[in-house]
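Residue numbers (the numbering used here), protein chains in the order written: chain W, 1 to 125; chain D, 1 to 872.
Misleading hints may appear alongside valid ones.
Unchecked claim - Pair by pair, the computed Cβ-Cβ distance ranges are:
{"no.": "1", "chain 1": "D", "residue 1": "K598", "chain 2": "W", "residue 2": "K96", "range": "18 to 26 angstroms"}
{"no.": "2", "chain 1": "W", "residue 1": "F109", "chain 2": "D", "residue 2": "R845", "range": "54 to 62 angstroms"}
{"no.": "3", "chain 1": "D", "residue 1": "L558", "chain 2": "W", "residue 2": "D62", "range": "39 to 47 angstroms"}
{"no.": "4", "chain 1": "W", "residue 1": "D74", "chain 2": "D", "residue 2": "P686", "range": "51 to 59 angstroms"}
{"no.": "5", "chain 1": "W", "residue 1": "K96", "chain 2": "D", "residue 2": "Q582", "range": "38 to 46 angstroms"}
{"no.": "6", "chain 1": "D", "residue 1": "M474", "chain 2": "W", "residue 2": "E114", "range": "50 to 58 angstroms"}
{"no.": "7", "chain 1": "D", "residue 1": "D262", "chain 2": "W", "residue 2": "L97", "range": "54 to 62 angstroms"}
{"no.": "8", "chain 1": "D", "residue 1": "E178", "chain 2": "W", "residue 2": "F109", "range": "20 to 28 angstroms"}
Simulated from the structure, these hints should not be mistaken for lab results. Cβ atoms here follow ideal geometry from the backbone N, Cα and C, with glycine treated the same way.
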Amino acid sequence: MKDKKKILLVDDEADFREIMAKFFSRRRVDFKLAASCMDALDQLAQDAFDVVVMDVTMPGLDGLKCMAEIKKVDPHLEVIILTGHASPHAGIAGIKLGAFDYCLKPIDFEELLEKIMLARKSLGA
Amino acid sequence: MLRIFAFIKESLFPTPPPALSAEELRDSFSQKYAHFRSLLTANNNALQAMADLEKIYYGGESYRMAVIRSKITTILVNVYKMVRSLLAMSSGRYGELEKIFDTISSSLEQIIEKKPAMQQGPLILVLQELSLKHRALAGAKMANLGELTRLPGVMVPPGFVVTATATRSFLTTEHFAEINRRLQVLEPDDLDALYKGCQGIQAMIKGLPLPADLEELLFVHYNRLERTAFPGCRVSMRSSALGEDSGTVSFAGLYNSVLNVDRTTIVDAYKEVIASKYGARAIAYRRQRGYRHEDIEMCVGCMVMVDALVSGVTYSRDPGPEDNGLLRINATAGIARGVVDGSQAADLYLVGRDKPYPVVYSEIRQGAVNQATGKPTGPSLTYNQLRKIAETALLLEEHFGEPQDIEWSFDHQGVLYILQSRPLAGGHSAEESAVKPVDTAGESSEQPILFGGVCASDGIASGQVFRVDSPEAMRRFPKGAILLLDHPLPEWAPLLNRASAVIAEGGTEAGHLATVSREFGIPALFGLPEAMTLEDGRIITLHAKGRAVFDGRREDLLRRKNVKRDIMAGSPVQRILTEALQLITPLNLNDPTSPRFKSSWCETLHDITRFCHEKSVTEMFSIGQTHRFDQSAAKRLIGDVPLEWWVIDLANGFREGAGGDAKTIRIDDIVSVPMLAIWRGISAYPWQGPPPVSVRGFGSIIFQSTMRPELDPSVPSALTTKNYFLVSKSFCNLSVRLGYHYAMIESYLSDLLTESYVTFRFKGGAADQQRKAVRARLLADILQRYDFRIELRSDSLLARVKKRSVPFLEQRLQVLGYLTLHARQLDMVMDQPGAVERYREKFLREIEEMLGKTVSTRREADDEGQKENPVG
Numbered sequence: 001m002k003d004k005k006k007i008l009l010v011d012d013e014a015d016f017r018e019i020m021a022k023f024f025s026r027r028r029v030d031f032k033l034a035a036s037c038m039d040a041l042d043q044l045a046q047d048a049f050d051v052v053v054m055d056v057t058m059p060g061l062d063g064l065k066c067m068a069e070i071k072k073v074d075p076h077l078e079v080i081i082l083t084g085h086a087s088p089h090a091g092i093a094g095i096k097l098g099a100f101d102y103c104l105k106p107i108d109f110e111e112l113l114e115k116i117m118l119a120r121k122s123l124g125a
Numbered sequence: 001m002l003r004i005f006a007f008i009k010e011s012l013f014p015t016p017p018p019a020l021s022a023e024e025l026r027d028s029f030s031q032k033y034a035h036f037r038s039l040l041t042a043n044n045n046a047l048q049a050m051a052d053l054e055k056i057y058y059g060g061e062s063y064r065m066a067v068i069r070s071k072i073t074t075i076l077v078n079v080y081k082m083v084r085s086l087l088a089m090s091s092g093r094y095g096e097l098e099k100i101f102d103t104i105s106s107s108l109e110q111i112i113e114k115k116p117a118m119q120q121g122p123l124i125l126v127l128q129e130l131s132l133k134h135r136a137l138a139g140a141k142m143a144n145l146g147e148l149t150r151l152p153g154v155m156v157p158p159g160f161v162v163t164a165t166a167t168r169s170f171l172t173t174e175h176f177a178e179i180n181r182r183l184q185v186l187e188p189d190d191l192d193a194l195y196k197g198c199q200g201i202q203a204m205i206k207g208l209p210l211p212a213d214l215e216e217l218l219f220v221h222y223n224r225l226e227r228t229a230f231p232g233c234r235v236s237m238r239s240s241a242l243g244e245d246s247g248t249v250s251f252a253g254l255y256n257s258v259l260n261v262d263r264t265t266i267v268d269a270y271k272e273v274i275a276s277k278y279g280a281r282a283i284a285y286r287r288q289r290g291y292r293h294e295d296i297e298m299c300v301g302c303m304v305m306v307d308a309l310v311s312g313v314t315y316s317r318d319p320g321p322e323d324n325g326l327l328r329i330n331a332t333a334g335i336a337r338g339v340v341d342g343s344q345a346a347d348l349y350l351v352g353r354d355k356p357y358p359v360v361y362s363e364i365r366q367g368a369v370n371q372a373t374g375k376p377t378g379p380s381l382t383y384n385q386l387r388k389i390a391e392t393a394l395l396l397e398e399h400f401g402e403p404q405d406i407e408w409s410f411d412h413q414g415v416l417y418i419l420q421s422r423p424l425a426g427g428h429s430a431e432e433s434a435v436k437p438v439d440t441a442g443e444s445s446e447q448p449i450l451f452g453g454v455c456a457s458d459g460i461a462s463g464q465v466f467r468v469d470s471p472e473a474m475r476r477f478p479k480g481a482i483l484l485l486d487h488p489l490p491e492w493a494p495l496l497n498r499a500s501a502v503i504a505e506g507g508t509e510a511g512h513l514a515t516v517s518r519e520f521g522i523p524a525l526f527g528l529p530e531a532m533t534l535e536d537g538r539i540i541t542l543h544a545k546g547r548a549v550f551d552g553r554r555e556d557l558l559r560r561k562n563v564k565r566d567i568m569a570g571s572p573v574q575r576i577l578t579e580a581l582q583l584i585t586p587l588n589l590n591d592p593t594s595p596r597f598k599s600s601w602c603e604t605l606h607d608i609t610r611f612c613h614e615k616s617v618t619e620m621f622s623i624g625q626t627h628r629f630d631q632s633a634a635k636r637l638i639g640d641v642p643l644e645w646w647v648i649d650l651a652n653g654f655r656e657g658a659g660g661d662a663k664t665i666r667i668d669d670i671v672s673v674p675m676l677a678i679w680r681g682i683s684a685y686p687w688q689g690p691p692p693v694s695v696r697g698f699g700s701i702i703f704q705s706t707m708r709p710e711l712d713p714s715v716p717s718a719l720t721t722k723n724y725f726l727v728s729k730s731f732c733n734l735s736v737r738l739g740y741h742y743a744m745i746e747s748y749l750s751d752l753l754t755e756s757y758v759t760f761r762f763k764g765g766a767a768d769q770q771r772k773a774v775r776a777r778l779l780a781d782i783l784q785r786y787d788f789r790i791e792l793r794s795d796s797l798l799a800r801v802k803k804r805s806v807p808f809l810e811q812r813l814q815v816l817g818y819l820t821l822h823a824r825q826l827d828m829v830m831d832q833p834g835a836v837e838r839y840r841e842k843f844l845r846e847i848e849e850m851l852g853k854t855v856s857t858r859r860e861a862d863d864e865g866q867k868e869n870p871v872g
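Pulled out of the complex, with its shape left as it was, chain W reads as follows (with noise of 0.2 angstroms):
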């Protein structure tokens, strides 16, 4: 029985992955860190995830892209997508596929933790 109770956070940026790390850390939240789209997807092959939060603009495929592919393997996966540029489209496009919620970088480390929490609350857990 996997234990469902981990955020799964995807970036390419290892300085970025550093911080986020610290953050939740420091905040209690199960967390595992993923480099890329590949990385993510292995990841969730092996072990489960409540919430997802995935950086947009990644090498390789990109985090729309990326969900798309999660969401494929389990569709009621929640995933929370970051966005560097302040850009409607990027929004809205990861809202029509499916994304719980955006937030903007720099992060705000409590607007992301409240998203997080609203994000699980939507899936019951």
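Given the structure of chain W, go ahead and fit chain D onto it with the hints provided.
Same frame as chain W, but now just chain D:
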């Protein structure tokens, strides 16, 4: 033919939806409810972001494009979520909304993403080739200088400009993408990070190789300058940026100039000037004045350095508070840099603008310097030099058609060279002089009569108070009066073109009415405690930003125009926001009862939120109408009111473990907050039975029963013989058919004010139309006293109250519970003399007593609780 009959039959007597089991009903409700909650949350987010955006726009402070993009994205995403939620709630009934949203959304994106037009041309242009038409290629600074080379008697050092086309070949789209990526992650208030980030970007630019063709051309043109001047001549490299041609924005001193450049340093100097676009100072300035980084493009001017004896800056018109007919000249020995950047003391001369250009004032702070000894020898400028400067400055002013800010140098041969000429940025304008700090209310000589709340729209206004609480009062609203509201509902928006200000006891800056007030530029103060104590007709002065209401007309406050110089005026970012707001905030859908309250009339995102919100509430209301349910889903309520009451639990409306397979449920097992409130009203006083009915009244009952068999209590069907509560912890829908009238109470109670509402629908009766209407009017009158918004048409009553605290709404539910029971069959006696007054008096007395009891019982319970749990 059979099909036609079937069609007609279906039109007239539609097949009812299949009856749902308790489980199916629960599922259907919880799905609809989840969408409803999500819609309300999105509505709050969207309205808040709209309010933020308007506050930014009208606030007079500077704002950044990144913030605008972020707010607009938040609005779009949340409005889209609302559309999706409404579609899910209504089984796609309002599908056309998605198309309307897409149209508005793509128009907004075009506005936000609009890039300045780019003109392409040669990589380098010689100064003599330039004129004003080359501003978009060479920048205003160099184009102006080029123009001057053709002006008789004006000398400009030989030079050339490396154009914007060259900059684009040096910094490609990929480079800009990387620069933008680095800029976007910089926290605007973190200065350390800003400086560090800027250094990184500048280092990156300086490290890039120059394209080979550009480098070669740079040397070709330097060689030409050498031939014009002398071998090994030194040049200055200065910025000449595109997009800095607004008269109200100076852009002075933002970028690096590199002096004494020769063949060996020219490439690095070029890169340094280009990189200075990303200096911390320039970035901060652009943010402050509303310029995006892409609005500014750097060009680099390269001119032979003048061997300057004395240099300075001249304003062709002294920028004092009024025109004094003088020129202002600052001068210093050597080059002009010290005057330009303010690092060096300079002599000041005020010279008459008319011949013979008399020196009316001088202040020698530094003077001319003996080259050998380094000691001052007297004033830095001779009269002849001053006259030459004055003549040239006036010539330039005439040529460009406006006062000029001119940088110049005299060389050792006495030749005056113009190094720069640009429009003079405004000094102390009349507008600026009007800017005075706003007194807070407390500093005024007289104390305000009311103080507090939130400033929903800035401004000061005076007028007579006019309270509006009904459509009738709305019609009587006098032009120029101050609109006083208990709660600022969007329904009152049409009054804003007649009101001079708005005051409300409830509400926030994020509501629809706040938005519209700002749009109309009408001062508005919301959430003002005790606002409703202001008497009708009283003359007051509202100081919205000071959050204060003063007695009488306060001329001292009204005189203070409170004009703020708009720091963003004319900037590209302001232009973008002005355009974008047109698609976001205007509210065209004010009145839900208007035939124009349709999705096809949604022209802005605000319209869509209003439409979605209204329709979502309707969708939630309709649960009792659109869902038929299996009667076995309901449990009979065991309580002390001797009628049939049935309860269906939709989600957590029963105490945990209660219910199960039992056919009944006790009132003690109900935990639905709104249902318990209604029940307190129903059970407060026993029903005293039907009022004594005359023979005529009885005849009417028989008549109604014959004409409307569906109302006959002996005909069994759901919702006719029984009274149903559909409940969850925070939600309750009560459908009642008591006798011949139909009543429905629905409520959702939430800690979030915007989610909470109570709605009451009442219609019918057994008596004739006139008596039914009299009863409905009696109920409307009573409910109006308890803050309900009323819509009354004949015997059909709709009463609503929303966005209030849970205890407040619980009391209203109690009132509705009481009236639902005690208004039974009352229509029968509504024609008896004095009946309306008698019942009104009785109802009000009992309701007051009931509410008084509730409040005191609760207070006692609270006191008990506090005794048991002493604080500290």
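Of the hints stated earlier, which fail here? 3, 5 and 6
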